[in-house]
Structure formats: structure tokens, C-alpha cells
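Starting from the given sequences, assemble the full structure and let the hints guide the process.
The sequence shown begins at 920 in my numbering and counts up one residue at a time.
Check before you lean on any hint, since a few could be wrong.
Below 30 Å or equal to it, Euclidean Cα-Cα: the simulated DSS-like pairs (lysine-lysine) are [claimed, not checked]:
(1) Lys1016 - Lys1090
(2) Lys1113 - Lys1016
(3) Lys1038 - Lys1113
(4) Lys1113 - Lys1010
(5) Lys1064 - Lys989
(6) Lys989 - Lys1038
(7) Lys989 - Lys1010
(8) Lys1010 - Lys1020
(9) Lys1090 - Lys989
(10) Lys1010 - Lys1064
(11) Lys1113 - Lys1020
(12) Lys1090 - Lys1038
(13) Lys1090 - Lys1020
(14) Lys1038 - Lys1016
(15) Lys1064 - Lys1016
(16) Lys1064 - Lys1020
(17) Lys1010 - Lys1090
(18) Lys1064 - Lys1090
(19) Lys1016 - Lys989
(20) Lys1113 - Lys1090
(21) Lys1064 - Lys1038
(22) Lys1020 - Lys1038
(23) Lys989 - Lys1113
None of these hints come from the bench; they were simulated from the model. In this text the structure is predicted, and so the values were computed from the model without any measurement.
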Amino acid sequence: MERLTGSNKIYWIHLLLLTSLLGACVVNPTATTPDATNLKLPDFEDLLPDGPTTINAPVANPLDTPQTGKFAATLTSLGVRLSTTELNTLKRLIQIKPTGKWSRTRTQNAAQTLSANFKRFGSLFQPPPNNEEDYQQRAVSFAEKENIPYFLDLQYYLDSNQFLVIRWDSKTGEFVGIQPDGTLINYLVSFAVKSPRYVEIDL
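And the structure:
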């Protein structure tokens, strides 16, 4: 075995110090805001409301003509034309009140979906929610706010022929999906909610 000389000792000491420093420099991953194409969970297309999916809420002012207003005009410009029945369904959807419960998917129950949402999106908030319950309460409070615009996820509609309504605040970036049964999903922060993926509903 080679005997350590003075210069060798200094070399090995420096090497050990460098190794220790590198080992201590553990980079903590930071949350990044998902862009408009990555807002959905892997099972987002398989959403399964816990309650009835038929909309029976009364419509204050049923639409007589299917293509009126900025919303319909935007859809028309994108080559999408909704019937009067579909527009009335959307109008009912934006009148749905949140139940305070979380939505489930075909592969996850409500508790599992809530946990997945919290783990993925919780760190996007400042300050971040303390736990899943805090995260859920914040989502419900946001969904219940007045004067927060509703948006149609147009890509989801084109892919699944089903309406998915979300609420989004352009100032805070808060975003949440509201199911026909009033359950919530995907409460997050994003400033990438833009047309043509998301179209504001002004019915």
C-alpha cells in the first residue's frame, strides 16, 4: 500500500471536502406551473361524477337563438357550432353550485383524486395549503366566489363530446374544474389559460 506523503494527504483532504460539499448540495424540486396542454391529470378524460350527470337546474333565461354573444361567435370562428340545447346545457352548468366534495375518476375514488391533485398542484400556491383538507377548502371557497369567469374546455369537448366547465381568475391564476354534480377537480394556479383551448362563457 502506497504511503501517503504530505502532498498526497492534502490532495485526499481536498477530495473528501469536495465530495462532502457536493453531497450536501441537494436541489429541492420546485413546482412549475403547467401550461395549457398539461392542466389535466392522466385520467382527466375519464372523469366520473359521484352524483347524477343530467342537469335539472332551472334556466333563468333559456336561449332562443343558438349563436349569439361573444362565446358563440368565438366557437363559430373556431369551426364549432353548438345547438340551442347544448348552449342551454352550458347555461345550466354555470349555475351549478359546488357541493364541497371532490370528483373521482374511473381509476381513483374521490379521496385518491384529491390526494393526487394536492400533491401535484399544492406547491403552486403561495402560501401553499397545509394539507389536503386545507387545499380542498380553498378550492371550494374559490369555486363559490362571485364574478369569477367560467370557461369551456373546448379540447375536452371535442375529444369526449362532453362539457367540462372551469373557473379561472386571470389575476391570481386560480383554476378549478366543476363537474355537473358540483364536485371539484384540478385546483391549481396557471396563467396559461388561453383560447382556443379555453373559451370564456358569457351566456
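Status of each hint after checking the structure:
no.	hint	in the structure
1	Lys1016 - Lys1090	22 Å, holds
2	Lys1113 - Lys1016	24 Å, holds
3	Lys1038 - Lys1113	25 Å, holds
4	Lys1113 - Lys1010	21 Å, holds
5	Lys1064 - Lys989	23 Å, holds
6	Lys989 - Lys1038	37 Å, violated
7	Lys989 - Lys1010	14 Å, holds
8	Lys1010 - Lys1020	22 Å, holds
9	Lys1090 - Lys989	21 Å, holds
10	Lys1010 - Lys1064	17 Å, holds
11	Lys1113 - Lys1020	27 Å, holds
12	Lys1090 - Lys1038	23 Å, holds
13	Lys1090 - Lys1020	25 Å, holds
14	Lys1038 - Lys1016	25 Å, holds
15	Lys1064 - Lys1016	10 Å, holds
16	Lys1064 - Lys1020	16 Å, holds
17	Lys1010 - Lys1090	24 Å, holds
18	Lys1064 - Lys1090	14 Å, holds
19	Lys1016 - Lys989	24 Å, holds
20	Lys1113 - Lys1090	14 Å, holds
21	Lys1064 - Lys1038	24 Å, holds
22	Lys1020 - Lys1038	17 Å, holds
23	Lys989 - Lys1113	15 Å, holds
Hint 6 from the earlier list is the only one contradicted by this structure; the remaining hints agree with it.
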